[in-house]
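So the sequences go chain by chain: C and Z. Position one of the first sequence corresponds to residue 1 (the numbering used here), numbered consecutively onward. Position one of the second sequence corresponds to residue 1001 (the numbering used here), numbered consecutively onward.
In short, the hints are calculated from the structure, not lab data. Be aware that one or more of the hints could be misleading.
Think about it this way: if two alpha-carbon atoms lie no more than 35 Å apart in a straight line, the pair counts; the simulated DSBU-like pairs of lysine-lysine are [what the hints assert, rightly or not]: (1) Lys106(C) / Lys1053(Z); (2) Lys42(C) / Lys1057(Z); (3) Lys67(C) / Lys42(C); (4) Lys1053(Z) / Lys2(C); (5) Lys2(C) / Lys1011(Z); (6) Lys106(C) / Lys1070(Z).
As the structure is a computational prediction, the values presented were derived from the model and not from experiment.
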Amino acid sequence: QKEVEQNSGPLSVPEGAIASLNCTYSDRGSQSFFWYRQYSGKSPELIMFIYSNGDKEDGRFTAQLNKASQYVSLLIRDSQPSDSATYLCAVSEYSGGGADGLTFGKGTHLIIQP
Amino acid sequence: DAGITQSPRHKVTETGTPVTLRCHQTENHRYMYWYRQDPGHGLRLIHYSYGVKDTDKGEVSDGYSVSRSKTEDFLLTLESATSSQTSVYFCAISDVRGGEQYFGPGTRLTVT
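Chain C on its own, in the form it takes in the complex:
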């Protein structure tokens, strides 16, 4: 059973601080990693993806991947109240064969305190 684990939270962070969200996954064959943001009652919105070890930055967001430790994280700098949402970590094992689709964690609820 492939698993993606996230701390459910809530994670409370002051406005302007760095929010750090973490995710671990069980399948060493995992190839691609994604972070989605989901507001209450809305659909998941892709905010970052990363395929290689190391860091990937996009505006205020940085995704970090460590395949040896089976760990992926998302940093949000200068956190804003509008960043308050549930953040979903997702993993794809597809690498040219086998099953398709993403395996999701249950999400971390992030609250940015003004």
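Given chain C, work out where chain Z should sit, using these hints.
Here is chain Z on its own, set in the frame of chain C:
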């Protein structure tokens, strides 16, 4: 929502009735997916399609069937709805297998 629509957006139905949910995309993406989202379980893959008439099962496919007769449409059918199928259903699309997926607005289905 990346040119993805789902219909209906809300539906209430009775146990034992058939239900079909529709996903329509205007992005011409090859890959399409159906997920369900439930409290305590997160998003789980039901079925996916890797081309017209090419579909396969996901993690929670029992009680569901799918069809894809055109690139733009992916249908999810509950042959005989049960209360355990009460959920929010999301369609997703991708132009790269194993790559990033974009989600539709979702359908909230209640089976009474």
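We went through each hint and held it up to the structure:
| no. | hint | verdict |
| --- | --- | --- |
| 1 | Lys106(C) / Lys1053(Z) | holds (31 Å) |
| 2 | Lys42(C) / Lys1057(Z) | holds (25 Å) |
| 3 | Lys67(C) / Lys42(C) | holds (31 Å) |
| 4 | Lys1053(Z) / Lys2(C) | holds (27 Å) |
| 5 | Lys2(C) / Lys1011(Z) | holds (32 Å) |
| 6 | Lys106(C) / Lys1070(Z) | holds (32 Å) |
Going down the numbered hints, you'll see the structure goes against none, and every one checks out.
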